[in-house]
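Take these sequences, add in the hints, and give me the full structure.
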Amino acid sequence: MPSTTAIIQSLLTGTLVGGFYGLFALGLTLSWGVLDIINMSYFPFAVLSAYIAYATMTILGFDPFISLIFSIPSFFIIGLLMQIFFNRFKIDIFRSLIITFALFIVVENTLSYIWTADVRRAPVGFLGGSLFIDSMYIPIGELIAFFIGIIIVLGNNIILKRTKLGLALRAVAENREASAMWGVNYSRIALIVGGLSMCYVALAGMFIAIFYPFTPSQGSVFIGRIFAVTIFGGLGSVTGAFIAGIILGVAESLAAILFAPSWSPLVAFLLLLIILVVKPTGLTWR
Amino acid sequence: MQEKNQENTVKITRRRAISSAVAAGAVVGVGIVAGLGGYFAGASTGGRVETITQKETVTVGGQTVTVGGQTVTVTNTVTQPTTITTTVTGTVGPAKPVVIGYTLPKTGGFAANGVIHDIADQVAIKRINDTGGFLGRPVERLVYDDKSDISQIPVLYERLITQDKVDLIVGPYATPFIAAAMPVAEKYRKVYIFDSYTLPKRATYEFAFSSWATGYNTDIEWPTLLFEALQNSAGKLPKTLVVVHNTHPGATFVASGVPTVAEKFGIEVLDVIKYELGTTDFLPIATRLKELKPEFVLQGGLVLDESNLRKALDKVGFIPYGHSSLWPAVGAVLGLGPLGDGLISQSVFEAHIPFTQDAEARYFVENYQKLAKEAGLAYWKADTQSGTSYAMFQILREGVRGSNSLNDEDIGNWLKRNKVDTIFGELTFDGPNNYGPMKTWIAQIQKGEQIVVWPPDYAKPGSKLQYPSPLAKGY
Numbered sequence: 000m001p002s003t004t005a006i007i008q009s010l011l012t013g014t015l016v017g018g019f020y021g022l023f024a025l026g027l028t029l030s031w032g033v034l035d036i037i038n039m040s041y042f043p044f045a046v047l048s049a050y051i052a053y054a055t056m057t058i059l060g061f062d063p064f065i066s067l068i069f070s071i072p073s074f075f076i077i078g079l080l081m082q083i084f085f086n087r088f089k090i091d092i093f094r095s096l097i098i099t100f101a102l103f104i105v106v107e108n109t110l111s112y113i114w115t116a117d118v119r120r121a122p123v124g125f126l127g128g129s130l131f132i133d134s135m136y137i138p139i140g141e142l143i144a145f146f147i148g149i150i151i152v153l154g155n156n157i158i159l160k161r162t163k164l165g166l167a168l169r170a171v172a173e174n175r176e177a178s179a180m181w182g183v184n185y186s187r188i189a190l191i192v193g194g195l196s197m198c199y200v201a202l203a204g205m206f207i208a209i210f211y212p213f214t215p216s217q218g219s220v221f222i223g224r225i226f227a228v229t230i231f232g233g234l235g236s237v238t239g240a241f242i243a244g245i246i247l248g249v250a251e252s253l254a255a256i257l258f259a260p261s262w263s264p265l266v267a268f269l270l271l272l273i274i275l276v277v278k279p280t281g282l283t284w285r
Numbered sequence: 000m001q002e003k004n005q006e007n008t009v010k011i012t013r014r015r016a017i018s019s020a021v022a023a024g025a026v027v028g029v030g031i032v033a034g035l036g037g038y039f040a041g042a043s044t045g046g047r048v049e050t051i052t053q054k055e056t057v058t059v060g061g062q063t064v065t066v067g068g069q070t071v072t073v074t075n076t077v078t079q080p081t082t083i084t085t086t087v088t089g090t091v092g093p094a095k096p097v098v099i100g101y102t103l104p105k106t107g108g109f110a111a112n113g114v115i116h117d118i119a120d121q122v123a124i125k126r127i128n129d130t131g132g133f134l135g136r137p138v139e140r141l142v143y144d145d146k147s148d149i150s151q152i153p154v155l156y157e158r159l160i161t162q163d164k165v166d167l168i169v170g171p172y173a174t175p176f177i178a179a180a181m182p183v184a185e186k187y188r189k190v191y192i193f194d195s196y197t198l199p200k201r202a203t204y205e206f207a208f209s210s211w212a213t214g215y216n217t218d219i220e221w222p223t224l225l226f227e228a229l230q231n232s233a234g235k236l237p238k239t240l241v242v243v244h245n246t247h248p249g250a251t252f253v254a255s256g257v258p259t260v261a262e263k264f265g266i267e268v269l270d271v272i273k274y275e276l277g278t279t280d281f282l283p284i285a286t287r288l289k290e291l292k293p294e295f296v297l298q299g300g301l302v303l304d305e306s307n308l309r310k311a312l313d314k315v316g317f318i319p320y321g322h323s324s325l326w327p328a329v330g331a332v333l334g335l336g337p338l339g340d341g342l343i344s345q346s347v348f349e350a351h352i353p354f355t356q357d358a359e360a361r362y363f364v365e366n367y368q369k370l371a372k373e374a375g376l377a378y379w380k381a382d383t384q385s386g387t388s389y390a391m392f393q394i395l396r397e398g399v400r401g402s403n404s405l406n407d408e409d410i411g412n413w414l415k416r417n418k419v420d421t422i423f424g425e426l427t428f429d430g431p432n433n434y435g436p437m438k439t440w441i442a443q444i445q446k447g448e449q450i451v452v453w454p455p456d457y458a459k460p461g462s463k464l465q466y467p468s469p470l471a472k473g474y
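Protein chains in written order, with numbering that gives the first Met the number 0: chain A, 0 to 285; chain B, 0 to 474.
Source of the hints: derived by calculation from the structure; they are not laboratory data.
Hints should not be assumed to be uniformly reliable.
[What the hints assert, rightly or not] Here are the computed distance ranges between Cβ atoms for each label pair:
{"hint": "1", "chain 1": "A", "residue 1": "278", "chain 2": "B", "residue 2": "472", "range": "43 to 49 Å"}
{"hint": "2", "chain 1": "A", "residue 1": "137", "chain 2": "B", "residue 2": "230", "range": "35 to 41 Å"}
{"hint": "3", "chain 1": "B", "residue 1": "469", "chain 2": "A", "residue 2": "149", "range": "35 to 41 Å"}
{"hint": "4", "chain 1": "A", "residue 1": "72", "chain 2": "B", "residue 2": "125", "range": "42 to 48 Å"}
{"hint": "5", "chain 1": "A", "residue 1": "275", "chain 2": "B", "residue 2": "248", "range": "28 to 34 Å"}
{"hint": "6", "chain 1": "B", "residue 1": "316", "chain 2": "A", "residue 2": "64", "range": "23 to 29 Å"}
{"hint": "7", "chain 1": "A", "residue 1": "58", "chain 2": "B", "residue 2": "205", "range": "50 to 56 Å"}
{"hint": "8", "chain 1": "A", "residue 1": "273", "chain 2": "B", "residue 2": "277", "range": "19 to 25 Å"}
{"hint": "9", "chain 1": "A", "residue 1": "113", "chain 2": "B", "residue 2": "362", "range": "29 to 35 Å"}
{"hint": "10", "chain 1": "B", "residue 1": "246", "chain 2": "A", "residue 2": "109", "range": "30 to 36 Å"}
{"hint": "11", "chain 1": "B", "residue 1": "258", "chain 2": "A", "residue 2": "160", "range": "57 to 63 Å"}
{"hint": "12", "chain 1": "A", "residue 1": "64", "chain 2": "B", "residue 2": "230", "range": "44 to 50 Å"}
By construction, the Cβ of each residue, glycine as well, lies at the ideal position given by its N, Cα and C atoms.
What follows is the structure in structure tokens.
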């Protein structure tokens, strides 16, 4: 039986690791919940961001956060272009799944072509270390990801509740046709959300480079978990996704320490199953 | 003698001499065409006078002869009494290549190692062709991308054998995939050589041969060798250990033998921790290890697991005195910098003496590393992954040449009876499930380089296993 310290430690690290899951799910939940686009290509695009961070560290010798100067604007533009395409051809939710899955393969193969399928591990320095308080540890990279997630959630809530853009976003998420009747320009909102979602993907991708060794197919590792977090958190809810990520991270961590690490996926997805049966809308009010 | 010849010449009529000479000329022509078909790679036209070097069944209808897929015209001119000039006209293309079909994960989760195997195989095929091909015919690969998807394997191997009609097959990369193709190979009685299979007790097909000499009882032999290395090379055994392994069948198999062997060496096994294949978050495992504080962590992992656990251990503030694994992606461990130092793993080949004392091993190292660098691989050194892949084609090459046949059963039977020289030594296939003795050694990362440290016959000169690790902390 693990000690109380080990259990508390697992709660702490599970929360921080879960924060990263939540951060990763932000793009998908916005795209799926607000735009009815299930964008599978976010996963290899996140890996592209990891490669940009890797190149920033290994070629330029800069901190991985500098890579965001390149990746966030470029990802925003890619998100815009994708959304222009979706708007132009009136892509519905099911076709979006197929189209973005094709894009998934194209992006992943392009990454393989450029960087080969070889494993890369970025020299992340202190970001890969921990802060120690007595026998407890706080991993620095995960802590930063967690706080960035909190800042995004708070910022998102302020925008949603205190700005006209937020009001329009909520209206589109609630009922696209009705919001149009009240003068909301869906196409414009969709472009902003599409671009913003990709910015979150860029951010999550940079943390992949900090936390893990990776290959072009690394995005596939996260598909199940990020879909679970997105659905669990409630489609379109940034706050819900972040909290769902934390719950999933804690559940996995506790299962690993109390039972065995091989139980982690089972416990996490069992939890998801139960919540979906009891409350199919996840953590949202809808 | 000269007189006798002169006498015979007088007795043979002109018509009979021409008739006999044409018949003899046809045989000569057949031989010439067969020789041409077998030995000339480039297209050629015009007349030639050649020596018979090879017999082959052909159809001679008038003066048109078909050999090895080539059609040429043979004209025999007889000059009395004994001189026959044979002229071959028409176009003689390259000899029909021998095609070896298989799959590799060029995309998907296993692609990181797939690219290593692909490059090693290119080098092996070039070597085969540079040394005469298979029975005088050039050799080509037909490689499908299995996308790291095991469900594709039986379908693609069926296609290779029944639709593409490849001459020979070899195995794909990684244990589950090799296992998936084995029933197809067995169904069509194809000789089946593979390079990275870790379940020797399940390789029951009579013509299945592993280039990786794991030995039949690797679950016992590998931990025994590891503890012998600690005892003899490092001079110290750990008192306690924890086994950490993933759900990969090969890793599970090897890990299953560790507690029994550890007991024999007087080592207490504190726990056996099992985790899912594909785990990325190793912090809970590292936290558990920090609590248990074993002197040695014996990890049954592969590819990225070791570097992920090593990183997580550093994050929790606990590094054990010793940490061994099975099949890590060496590049990922080296990417950890000094933190990767001391990790022990299995190896059959490293690019250093004594392995590179073999001429073909040097050829392999030079050519593989050149291509791997050109391909942009972060870790471009020749090692176990690439070595076993190269050796797979060495074994096939020796099987074909030794049996002088492209018939699968001939090759398989020859391999069972003979020893094969590979870049990591002589292999035999005369034990259970065609496994010979284990020839898998103890390697360790030391000062940013993976080297073999045990046994002495294969260790890099002057090296020894470093234990306990100077990086150890958290006790």
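Checked hints:
A C-beta distance of roughly 45 Å is found between residue 278/A and residue 472/B, which places it inside the suggested range of 43 to 49 Å. Look at residue 137/A against residue 230/B: about 39 Å separates their beta carbons, and that is inside 35 to 41 Å. The beta-carbon spacing between residue 469/B and residue 149/A, approximately 39 Å, falls within the hinted interval of 35 to 41 Å. Restraint check, residue 72/A to residue 125/B: a C-beta distance of roughly 46 Å satisfies the suggested window 42 to 48 Å.
As the Cβ distance of residue 275/A to residue 248/B is approximately 32 Å, the hint placing it in 28 to 34 Å holds. Checked against the given bound of 23 to 29 Å, the beta carbons of residue 316/B and residue 64/A, roughly 25 Å apart, stay inside it. Checked against the hint of 50 to 56 Å, the pair residue 58/A and residue 205/B passes, with Cβ atoms roughly 53 Å apart. Taking the beta carbon of each, residue 273/A and residue 277/B are about 23 Å apart, inside 19 to 25 Å as hinted.
The hinted range of 29 to 35 Å is satisfied by residue 113/A and residue 362/B, whose Cβ atoms lie roughly 30 Å apart. Our hint of 30 to 36 Å for residue 246/B and residue 109/A holds, since their Cβ atoms are close to 32 Å apart. Between residue 258/B and residue 160/A the CB atoms are about 59 Å apart, so this pair conforms to the stated range of 57 to 63 Å. Checked against the given bound of 44 to 50 Å, the beta carbons of residue 64/A and residue 230/B, roughly 48 Å apart, stay inside it.
Checked against the numbered hints above, the structure breaks none of them.
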